[in-house]
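Please construct the entire structure, taking both the sequences and the accompanying hints into account.
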Amino acid sequence: MRTILSFAVVVLAGAAGEIAIAHAMKQIGEVHSFSLRVLTGVLRRAIRMVWLWIGVVLIALGFFSMLALLSWENVSFVVPSTALSYAVGALGAKFLLGEKINGIRWAGVLLVCIGVCLVWAG
Amino acid sequence: MNTSNIFHIKTYLLLLLMILFGSLGDILLSKGMKQIGEISNWSIISLLETFGRVFTSSTMWLGIGSLVIFFVSYVLTLSWADYSYVSPASAMSFAVVPLLGYTMLGEALSPIRWAGVGLIFLGVVLISRTPHRTTREDASCVQY
Numbered sequence: 150m151r152t153i154l155s156f157a158v159v160v161l162a163g164a165a166g167e168i169a170i171a172h173a174m175k176q177i178g179e180v181h182s183f184s185l186r187v188l189t190g191v192l193r194r195a196i197r198m199v200w201l202w203i204g205v206v207l208i209a210l211g212f213f214s215m216l217a218l219l220s221w222e223n224v225s226f227v228v229p230s231t232a233l234s235y236a237v238g239a240l241g242a243k244f245l246l247g248e249k250i251n252g253i254r255w256a257g258v259l260l261v262c263i264g265v266c267l268v269w270a271g
Numbered sequence: 009m010n011t012s013n014i015f016h017i018k019t020y021l022l023l024l025l026m027i028l029f030g031s032l033g034d035i036l037l038s039k040g041m042k043q044i045g046e047i048s049n050w051s052i053i054s055l056l057e058t059f060g061r062v063f064t065s066s067t068m069w070l071g072i073g074s075l076v077i078f079f080v081s082y083v084l085t086l087s088w089a090d091y092s093y094v095s096p097a098s099a100m101s102f103a104v105v106p107l108l109g110y111t112m113l114g115e116a117l118s119p120i121r122w123a124g125v126g127l128i129f130l131g132v133v134l135i136s137r138t139p140h141r142t143t144r145e146d147a148s149c150v151q152y
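Protein chains in written order, with the working numbering: chain A, 150 to 271; chain B, 9 to 152.
Worth flagging that the hints you see were computed from the coordinates, not collected in a lab.
On a predicted model such as this, the values are computed, not experimentally measured, just so you know.
Do not take every clue at face value.
[Said to hold, decoys possible] Using C-beta positions, here's what the derived DEER-type ranges look like: (1) F79/B with L245/A: 17 to 23 Å; (2) G73/B with S220/A: 27 to 33 Å; (3) A123/B with W221/A: 28 to 34 Å; (4) L245/A with N49/B: 40 to 46 Å; (5) R141/B with R193/A: 23 to 29 Å; (6) E57/B with V206/A: 29 to 35 Å; (7) K42/B with F212/A: 20 to 26 Å; (8) G73/B with V199/A: 27 to 33 Å; (9) G73/B with G190/A: 19 to 25 Å.
Glycine included, C-beta positions come from ideal geometry on N, C-alpha and C.
Here's what the structure looks like:
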């Protein structure tokens, strides 16, 4: 039970954290220039975004859950969670961020998931 | 050069930085930790000594610096591109790291890993053929 729970936290918290950061960055708006002045301005706005901090906390939660999971399960069991998080992330992007994911992008996400598993399995 | 071209070049440039520095950071951290040696004793004093070696290792700092560049590039790209576009593209480092190990360090690659590297490349190529952004531009977008 604790393994399933931890696995779910690794996948869900990691993906949700990145989605929260993506949402925060969309609120900040497109960065048009990469000058030091602009980047400093982006950083100042970013650290005032609640969604950014929610994202950081969720990613940290996912990371520490993975460390805990690694302490009682094999790496070969834990690592596919990385691959699964791309698929879960894409679902989150569709339903939470309103991104329109066409068939080609779904196929690409699926290939990436399988590819990551194979690289680790090999 | 029109706005659309600049937008595409900017996205690809940032993705390239993400893939390069993400991969480089992983390799440098791995090399740095191997130089420091395996942690065999988990006492506080031993861990503090290990931390001391980590923070005085130039390889580790180069690795950390690379990962900071990766993270900044990732977050900046997310300010305009879809999360479902950027996130799988960042998985390219899973393919680049074994390839770098194969070409630079002479590490063996099993057929299964070759297949995995091929599928990741194919997946990222497919994703790169979809629109970078499918949500509307936020009207409150801040101009700097």
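Hint-by-hint comparison with the structure:
Taking 17 to 23 Å as the suggested C-beta distance range, the pair F79/B and L245/A conforms, at roughly 22 Å. At roughly 29 Å, the beta carbons of G73/B and S220/A sit within the given window of 27 to 33 Å. Roughly 30 Å separates the CB atoms of A123/B and W221/A, a value that falls within the hinted 28 to 34 Å. Between L245/A and N49/B the beta carbon distance is about 45 Å. The supplied range of 40 to 46 Å therefore holds.
A hinted range of 23 to 29 Å for the beta carbons of R141/B and R193/A is consistent with their spacing of about 24 Å. For E57/B and V206/A, the hinted distance range of 29 to 35 Å is satisfied, since their beta carbons lie about 31 Å from each other. For the pair K42/B and F212/A, the beta carbons lie near 22 Å from each other, so the given range of 20 to 26 Å is met. The hinted range of 27 to 33 Å is satisfied by G73/B and V199/A, whose Cβ atoms lie roughly 29 Å apart.
Checking the proposed 19 to 25 Å range against G73/B and G190/A shows it holds: the Cβ atoms sit about 22 Å from each other.
Taken one by one, the earlier hints all hold for this structure without exception.
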